[in-house]
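A.B. asks: My request is simple: use the sequences and hints to build the entire structure.
Chain order of the listed sequences is X and H. Position 3 of the first sequence, counting from 1, maps to 3 under the numbering used here, and the rest follow consecutively. Position 44 of the second sequence, counting from 1, maps to 44 under the numbering used here, and the rest follow consecutively.
FYI, nobody ran anything at the bench for these hints, they're computed from the structure. Treat each hint with caution, since some may be false.
[Claimed, not checked] Under 10 Å between C-beta atoms, here's a sample of chain X residues computed to sit facing chain H:
1) 153
2) 218
3) 237
4) 370
5) 492
6) 732
[As the list claims (entries may be wrong)] Subject to a maximum C-alpha distance of 25 Å in a straight line, what follows is the list of computed SDA-like cross-link-like pairs (lysine to any residue):
7) 150(X) x 26(H)
8) 146(X) x 5(H)
9) 325(X) x 5(H)
10) 150(X) x 9(H)
11) 150(X) x 34(H)
12) 146(X) x 10(H)
13) 458(X) x 54(H)
14) 150(X) x 20(H)
15) 150(X) x 47(H)
16) 325(X) x 47(H)
17) 223(X) x 44(H)
18) 325(X) x 43(H)
19) 150(X) x 8(H)
20) 146(X) x 20(H)
21) 325(X) x 10(H)
22) 223(X) x 10(H)
23) 325(X) x 8(H)
24) 223(X) x 45(H)
Backbone N, C-alpha and C define an ideal beta-carbon position, used for all residues, glycine too.
Listed below are the residues making up each chain.
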Amino acid sequence: MRIRYDDAIVRKFIFASVAFGIVGMLVGAIAALQLAFPHANAAPYLTFGRLRPLHTNAVIFAFVGNMAFAGIYYSTQRLLKTRLASDTLSAIHFWGWQLIIVAAAITLPLGITQGKEYAELEWPIDIAIAVIWVVFAVNFFWTIAKRREKHLYVAIWFYIATILAIAMLHIVNALAVPVSITKSYSVFAGVQDALVQWWYGHNAVAFFLTTPILGIMYYYLPKAAERPVYSYRLSIIHFWSLVFIYIWAGPHHLLYTALPDWAQTLGMIFSVMLWAPSWGGMLNGLLTLRGAWDKLRTDPVLKFFAAGVTFYGMATFEGPLLSIKSVSGLAHYTDWIVAHVHGGGLGWNGFMAAGMFYWLVPRLYGTELKSRSLANFHFWIGTLGILLYVGSMWVSGITQGLMWRAENEGGGLLYASFVETLQAIVPMYWMRLVGGSLYLAGFVLMAWNLIATARQGKPVDGEVEVPVDVPVDRKTQFKLLVSPQVWLSLLGLGLVISAGFVGPAQAIVLLSLGAFVLLFSLLLFSVSKSSSEKTWHAKLERSAAPFTILTAIAVIIGGVAEILPTVVAAPEAVRATTNVPYSPLELEGRDVYVSEGCYNCHSQMIRPFVWETARYGAVSTPDESIFDRPFQWGSKRTGPDLARVGGRYNDVWHYQHMLDPRQISAGSNMPAYPHLAEQVIDFTKTPDKLRVMRSLGVPYSPEEIATSTEDAKREAERIARGLESSLGIRVCDAPAEGCDLMVDSKLVALISYLQRLGRVPDRNAAPAAAAEQVDAPTAEVEANEAAAPAEGAEAAADVDEGEVAR
Amino acid sequence: MMSRMAESFFAVSPMLAFPLVAMVIFGAVFLAISMRTMRTPNEVIERRRALPLEEDHHG
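C.D. replies: Below you can see the structure in the form of structure tokens.
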């Protein structure tokens with residue numbers, strides 16, 4: 001029987017990936033320029049805070065996403081010796097995904113965002129993503145079901161893990177209650193939201209940027225090298241270790257934050273453990289080239305693959321390193337993290353994509369690559385670009401980390417003004433722009449080369465002769481699922497997870513029992529028949545359904561164990577809180593903050609270090625963000641932390657600073673926001689926001705909701721009239737010629753929100769009580785808090801004077 | 001000595017048992033899969049290794 005593969009869909013995904021890759025990288029280059037040269041924030045819709053999410057979404061979901069779909073669809077058909085199950089589903093998948101990307105490209109510059117990194121898209125697009133992902137999954141698993149090759153090659157395992165994990169991560173993290181078609185609030189708040197978001201964020205890296213590309217590596221690298229993978233045994237260990245460990249590592253993004261200590265420790269340990277499987281995979285890839293190293297001199301495909309896998313090794317060495325708490329203390333919030341991300345993004349994802357495209361396109365068009373020398377030039381220009389980019393960001397990040405913590409002889413901050421630390425790294429920002437531009441130029445050359453290759457050939461679809469249809473043995477699949485190994489594993493996991501919901505003594509008993517049961521079940525796994533191919537795992541590798549279910553269990557365990565305890569504790573935390581919800585105007589101002597993407601440059605999380613408490617104030621507590629939907633702890637400090645900025649400067653300072661940051665703080669690279677003084681908020685919609693918040697457990701009374709429109713207007717009037725009397729500006733209730741500030745403007749609401757940060761209104765208990773809510777404060781925290789006030793007050797005064805004077 | 005260390009460790013939070021159990025689970029999984037994999041016959045492994053190299057024909 002002769003089968004004709006559907007390669008048309010592969011061609012479409014390839015060219016979509018190349019096109020969106022160039023667009024995404026171009027947006028990244030513009031964002032890089034804006035950091036070095038703030039006047040490049042030319043339009044309200046194109047400020048850094050709005051462009052950066054567009055860049056990340058474009059390169060992750062549009063570039064890598066389309067590339068992964070192309071690689072998966074091509075290799076899956078050949079590994080399973082069958083055409084994709086449905087041409088219709090393939091087409092829906094392709095066009096649906098592109099529409100989602102276009103929707104993202106429209107909504108993100110408009111400031112329509114959920115304010116969660118790499119998950120910014122609003123709820124209607126989130127639903128579309130879920131639907132299209134299900135279409136992809138159905139098409140993929142249906143193809144597996146009609147396969148003509150019994151054994152599932154290891155690449156298919158990685159694809160299965162990708163499909164399952166991304167579905168789970170996306171759906172859980174995107175859970176939100178809509179206020180309108182363009183606005184929603186997350187069902188999670190504060191600490192839980194942070195934990196869920198970084199469980200998602202880290203595993204988006206794991207299961208969107210890593211596992212599909214590893215599957216691609218296991219297929220395309222042997223093809224290009226014309227020799228089998230170095231060790232198939234190692235690939236099995238690589239797969240199970242990676243999918244089991246990766247899902248736990250998210251909390252390493254939240255070290256030294258208000259996240260419970262146990263979750264931080266868990267994240268750190270699993271991150272360090274990731275070293276082993278990651279390097280196992282990397283070595284397996286590189287050693288596949290044994291005996292073929294000479295081909296690297298001439299073959300651009302192998303050059304890209306070898307460098308890509310090497311960058312994977314470097315990034316996965318650096319990742320666990322950065323997850324060690326003491327290293328994170330220096331590197332977190334700095335450009336070191338940007339260097340790490342781009343080492344993986346440009347080196348691993350970008351180069352693996354380029355290698356795959358150069359290998360695939362000539363075959364898909366029945367011709368030779370138009371220019372091998374140009375592809376080789378692309379490789380070298382790209383490598384140089386990465387080195388400049390990553391090197392400059394390493395220098396920048398370590399400089400930032402050291403300057404932030406530097407002390408003068410008296411023990412105070414040596415660089416008390418944050419702008420000093422920014423100015424020191426501006427040359428590195430220019431260097432990064434050069435490196436990124438070189439890399440982008442390489443991709444433009446690749447696009448020309450691929451298009452020229454396609455034009456000199458014609459589209460051809462692969463064909464293969466297959467002997468027979470392979471019947472699916474459903475009895476064996478069922479037996480695998482109900483075997484003692486599986487139900488004992490589930491029992492053990494149930495015992496371990498249930499330990500999170502009982503007292504300490506019972507927890508230890510349950511954990512011990514669970515560990516014992518798990519060990520016993522694993523022993524059964526390992527000693528089952530091994531003399532023939534009829535072993536338990538051998539059967540499993542040929543049975544897609546049980547394999548998929550067990551993979552799902554492996555990736556679900558970490559999420560459940562990490563997230564459930566905080567979710568269960570949330571209602572009690574809300575009942576016990578001394579914090580109060582945001583006023584209607586503060587809430588509107590917070591939505592402006594989220595919409596403008598302020599979290600891209602400002603954190604709201606003061607860590608338990610002397611240099612942080614001296615610069616920003618007391619250590620942040622979980623209670624302070626208990627009503628924050630989404631949380632805004634941030635992950636990068638291009639500007640200073642804002643957790644306690646409330647009351648630090650007066651309204652006049654904020655007004656002038658937003659109109660022209662460099663007039664107030666010379667050397668600042670913050671965009672100017674004069675347009676916020678003109679853009680107005682429709683306060684008649686404020687009650688809807690409060691109503692949704694109340695449905696999520698935020699204690700707004702029906703009376704507060706009913707009067708929220710008037711309350712917001714009254715508060716806005718007070719702030720605006722105060723500015724009018726202080727500055728002599730013209731404040732208007734309605735649009736008018738020569739008006740400087742609208743009363744119900746976004747700027748007024750934003751000032752209201754900024755003035756609330758770190759402060760609880762007098763009508764409630766003192767904020768000091770909130771400090772008691774800190775989960776398991778470490779000795780270091782206590783010591784720092786005890787040491788902080790005197791130095792902190794002095795340094796804060798220095799900062800105030802210095803910045804206001806400017 | 002060990003009990004005092006454990007007491008001090010868990011005084012911070014009983015939840016700190018999670019990382020320990022997680023490490024035990026991972027170690028056990030790693031060991032089991034490694035044993036299982038190493039005992040798989042060579043001919044089985046070799047056939048699977050070669051799967052991507054089975055050629056198809058374009059056009």
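A.B. asks: Output the numbers, in ascending order, of every earlier hint that fails for this structure.
C.D. replies: 4, 6, 7, 8, 10, 12, 14, 16, 18, 19, 20 and 22
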